[in-house]
Amino acid sequence: MDYATILQILDSAVRLMTPLLLACLAGLYSERAGVFDIGLEGKMLMAAFAAASVAAVTGSVWLGLIAGIAGSLILAAVHGLASITFRGNQLISGVAINFLASGLTVLLGQKIFGLGGRTPSLAGDARFGPVTLPLAETLRGVPVLGPFYAEVISGHTPLVYVALIAVPLTWWLLFRTRFGLRLRAVGENPASVDTAGVSVTRLRYAAVAIAGLLCGIAGAYLATGLSAGFVKEMTAGRGFIALAALIFAKWRPWPALGATFLFGLFEAIANRYPNIEIGPVTIPSMFMNALPYILTVIILAGFVGRAIPPRAGGEPYVKER
Amino acid sequence: MAAPAAMPDEGRPDAAAPPAIELRGISKAFGPVQANRAIDLTVARGTIHGIVGENGAGKSTLMSILYGFYRPDAGEIRVNGEPLVIADSQTAIRAGIGMVFQHFKLVRNFTVLENVILGAEDGALLRPSLARARAELTGLARDYQLEVDPGAVIDELSVGHQQRVEILKALYRRADILILDEPTGVLTPAEADHLFRILRGLRDEGKTIILITHKLREIMEVTDAVSVMRRGEMVATVRTAETSPAELAELMVGRKVLLRVEKPAARPGEPVLEIRGLRLIDAEGVERLRGIDLDLRAGEILGIAGVSGNGQSELLELLGGFPEVAAKLSGEVRMAGRPIPLTGRGADAAGRRALGIAHVPEDRQAEGLIMDFHAWENAIFGYHGDPEWGAALLRNDRIRAHAAAEMERFDVRPLDADLPAKSFSGGNQQKLVCAREMERHPALLLVGQPTRGVDIGAIEFIHRRLIELRDAGTAILLVSVELDEVMALSDRIAVMFDGRIMGERMPGETTPGELGLLMAGVTDTGRAPDAAGIPPGHRPEPPDPAHPHEGGLPQ
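Chains as they are written, first to last, in numbering that gives the first Met the number 0: chain A, 0 to 320; chain B, 0 to 554.
Worth flagging that the hints you see were computed from the coordinates, not collected in a lab.
From the three backbone atoms N, C-alpha and C, an ideal C-beta is built for every residue, glycine too.
Hints may contain errors.
[Stated by the list, open to error] Interface residues of chain B toward chain A, partial, derived using beta-carbon atoms under 10 Å:
(1) R107
(2) S128
(3) R131
(4) L393
Only chain B is shown next, with the shape it has when bound in the complex (with noise of 0.2 Å):
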């Protein structure tokens, strides 16, 4: 897996020549947020620049005003040794600055050519700027592993293949710096661990590339030097070979990070949740779930690891309220030992939520919020029947106070419930739905990804706010792709594969590597999985207080 190492890191900086880029007290407010004060940066040539930070620290902010998209309140930039004022996108692209964003901004219905030349044509017909760039792109796929298709439409291709069509579209403006933002949050790990061998491969060249990241691992993995930023401050720059993650982690939130989660032992209760032989097939016809069983009792928590896109999802929307992932369903889901409707009627988000389950969904910006409403308007979304509310006519001064405080306690910032959602972090935001599912002390709290694209800080603030809520005696099932996550905070991880569980364990007498196999369905042969000895709905259940004369007389 280890790179070979290249040269001594000390030779690779051209120390006659100037730093790539050079900012010198950079600052830029977005009203009254202060996004980045007074911010100093030196990146050296021939390097590849980590630049750290939670989210909302401020990192994507600078690297817009290196690329012209904001104009600095304060503050110079040099690129090469030259002042340079970057007043839009053209100056920069002029001076030799290409940047990958992390939402792509590729024309999807063009066609790989057509998105790499526009803007930078030969002239005004077409024809000859895109056999050059045909060309052209040959060349630049060979000399840095950037193979993808000239003429294919990129609504066809991967992302990961996306993504090298912008770093083409870089490199055909003739970038020598190229700045990624955020670039592996879409990659699987194969194709980032790709990614990091064309940087390397562009640093090798001699390009200058500034990475954008939270992610330690990649900083550590390919970075030369690190700079960390903490809320729109540089807090230091530092030789990646002279640091660690631990100190980088300290540096990103300003103070020691429990990697581990302190959680005293559960005391399981009362089953809350049941599930027998529970299949769904969903419109295409692709069955989703293959007969899940399983239980969740008071005061626990049910960790489900496995592989994105192993039935997790729909498991978790079936019993969140959204009925119409499914096309066909079968089996039985039970709630304090009444079976819950699963179709129709009752199924759906607010008939969950009578029933005391409340659910902090995998995808917030689409399901969790609505952007453009207020903080206080999307805390009590799915809620705001409730009666505290007022009657016909909302009662917003209660609202807004409601929110205020429930985000004082969730330490959502900035502390403001008049900002619509979408202008808080991505942390934040997922601290404003946590906020809202959890301040209810449900029965059952669903979790999907509670803290993907969240920063160290809110991870942990999430982490402690789950334990908190298990130990008053909520269950909750939590599902995620980090399988750190999971195991630091389970009482029982159950893993899925391929719509099935491949089996139980727990945290304590588990290994990252037997759930990796596990996850990649490798068949659980120490124990029988669930599903494999006794068939579904063949099990010993309980008595069923719905039906009490079930077999009795007719009355």
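Pulled out of the complex, with its shape left as it was, chain A reads as follows (with noise of 0.2 Å):
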């Protein structure tokens, strides 16, 4: 394997990195306020399909970019309504989400576009382009890092660097503000954050519709970005492995980093060499393409050291007597 293929799998891993991560930090704002969140997975379908079919009606990216926002928070607005401000249970809202996104968009999509689903083909203004990072072919010629930087950094589409800005931004907004402070506060003890006069609903609503605003952006750049339009459940579990990367990470935002890279570098392989021969013996590819849920299945199950969620984490906050 020479340094030339290794960048190509890196590029593809950062490319494949991004839903998960911008889907793992709406799992984490939601989740440090204490409403879990299994509806990712049906936020971001939804913001595909909004996205796409926007984006291929008028022609402009940025027009179903902001679609798909819309239609992430509008589902992230009734997983609010659902578990804030009517006290359900979390886990079955999330549910819901997801059964309603993934039925939704297929029936709008054959109802709009009459392609079995999907929706048409998208090309140029309609698509996220790369973005090619100023000096990017200028140091190309810099031995190691030069092909590194012009590869790897730069020539993405633009949500992979609001993805990337992401990070440290959640970080600085969770530890370093008085909105992160409550927000952790009220994922951990709801009680405390009330007795101070501040609103818990009024909190975790700003969380929920963070999260939404994220999942949207996740599910544009997959429809927009990572492929040319929307196909049915084209988020394929995706939601789910963000869910488990957010545990692995330990509901962190550099972890998270980390971990969601971890999982698009193991996508990356998995499209770079569908069979592995080691030996005489060959690593099919239905593994390598299954390893990413293996291993979502294995941080769940609790392998990865001992992960606290947050305490109120999934408790609708009632004032007791």
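Take the two lone chains, each set in its own frame, and fit them into one complex as the hints suggest.
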């Protein structure tokens, strides 16, 4: 395996990591505030569909992005209403959102475009194009680092950089601002926030809305950056992989970057080498494709250290007598 | 011990200034339960004002109204003379009211500083808020003996220190009026004394303090005035200097209380429980029981006195059917002469019940009841397999009727078997557990902390029932950290210290002082401790009816 191949795999890993990272950060905001969100998958799917549809009809990827975020936010509002205002079960609400998105996207897609649930293929301005970072070509000549910068760092769509910037931003917001302090507190002991005279409801809605925003970007990226259009069930469990990464990262932003990159890397390797031959044994492509999911199961089963979730996670806040 | 009298009582409240708190006709109902009924209360500035009442008297509800947690159904609140509608906690905080809840409202994985500034940050960024809070806490700690490491994480702090953080939170928000709800329930006596020093210091700085408690000793020790609540009503407000514990107790329950338990002499019968050389090592490898020998006969109460954490809980749990408390065990326990299993099958709670052992566990909320289940469901837990409740399907009508009758006999209030256990006050929850365990006239009753967090009326009731059960022939093993309770109820007292029985005394022939020395581990020189003279297992033992052919010829 030469250096160029490694760079290609890493480049692919960054692209595949992006939707996972955005969804993982979405889950981080929501769960840090004490609202479990297994509806990441559904929100991403809805966003992917909305983004692809609007981009296909208008020809503008930016309008597509806005539509994607709006689609995701609508589902986030449903989740907030069910689990915060009406104090319903957060897992059931999440499951409902996933089913809703799964059915609704195909139904609407067929109704509007008549292509069996897909949207028309996107091209030109209806897709996100690569951004070449400054000096990428100039520095290409520098040994080792030059090609790395040009191939792996530069040349992605804008949303990849949005995801990468979201990591330090999330860290800063969570640990350096008043909003972050309250957000973390409301996920650990909402009564402490309530008795301090701060609205638990408003904080949790804010967190759920941020999660909706990030899922919206993730979904839009899937349909207009990573692919060229919406395909039925195109999220392919990424929302759940993001949840596994969130647990793996123990609800912290920087480890979330590492965890989602790992998943992206596995996917990239599987795409590049469908069959890996180790001497006489051939590892079939099915196994490689299943690897991210196997890893998810292993993480969720708790083999990777003890991860303590936010203490008030999953529980609607009710003032006690 | 006595605090230096700071000023004559008369001089302290500023006659010219309006009262800090004035409540007029406050009422609040939760569904059918009238928690507060037309409450009037005046709290003078710069005083410590006690509010006493039994559990469920409505004290906490009243204070939650004052802190904006609940909206009153009717009534008016004045703070410093100004009428105020307290719609939420933010309003209360702005009006200078701070509250220290019985169950702390702290974020356990945050630092002290983060907890203090939460909700009272200076701006959108944390750094300047934290810096200012750190400086301010240093000052507050110095002024009021509220030392606590600002960088420490709450989880690492003792309960006493966590409480200081709650007080600091209120003071940081410029609270002038501080409400403390049952603050000493979780504290050691030394921590409680320190708290009282803090409270006196705060009062002397002009702060107003409202202290909610049901411990009369605290009221007498620290308050300037005291208001008594009973069943949602304000019964009286008196100056502490002009009242007595007996008068307050009478006001609280509305009738004379028997501070001593009247009981006829015990008539012990057959041996019921014999414990020989019981040793127990727990999962952490700590030896919790170091060779316990005890005998208990039918129709007597053996009280086990001791500071909590000296092995009483482990003894009770092992006997009651929680074999998992032990990682390693040795020794023997006999019930009516037969050895009973200490591990494996038969050592669980069902096995114990089959032998006629009933158990009122120390922690009623964790082990005695399922808080979300109805009272009638709780009434048969542990006995739910009894054929009288039906075979495959439960006969809910029978269980309901049974529970209602049981609750009536035990004077459980409110008398509604359809309420979840969590809706009852502490004393009534305890009565639910006692009713279930005592109504079946067990051969042996294990009782742990029967009156912890229970009001005076219920204490008296439970004590009387225990004596009745004893007179009906039940052997009772009583574990309590309340020395008064052990002395009042027991026919014999065994003192435990560090996993050993330090000695046995007859309640009529000993004093709290002597028992206190034993509880502190001061060796018993007057009489040899049970375990000292004869090694366990070497005592003369009655013939074992379980193995009649032991040593005999094989058949």
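Against chain A, run the beta carbon of L393/B and see if the smallest gap drops under 10 Å. Where the cut-off is 10 Å and the nearest Cβ of chain A is about 27 Å from L393/B, the hint is violated.
Satisfaction of the R107/B interface hint, Cβ to chain A closer than 10 Å: Status holds, d = 7 Å.
Chain A contact restraint for S128/B - C-beta distance below 10 Å: At 7 Å from the nearest chain A Cβ, S128/B passes the 10 Å test, so the hint holds.
Checking hints one by one. Is R131/B an interface residue toward chain A, by the C-beta closer than 10 Å rule? Violated: closest Cβ of chain A sits about 13 Å from R131/B, beyond 10 Å.
In summary, the structure is inconsistent with hints 3 and 4 from the numbered list given earlier, while agreeing with the others.
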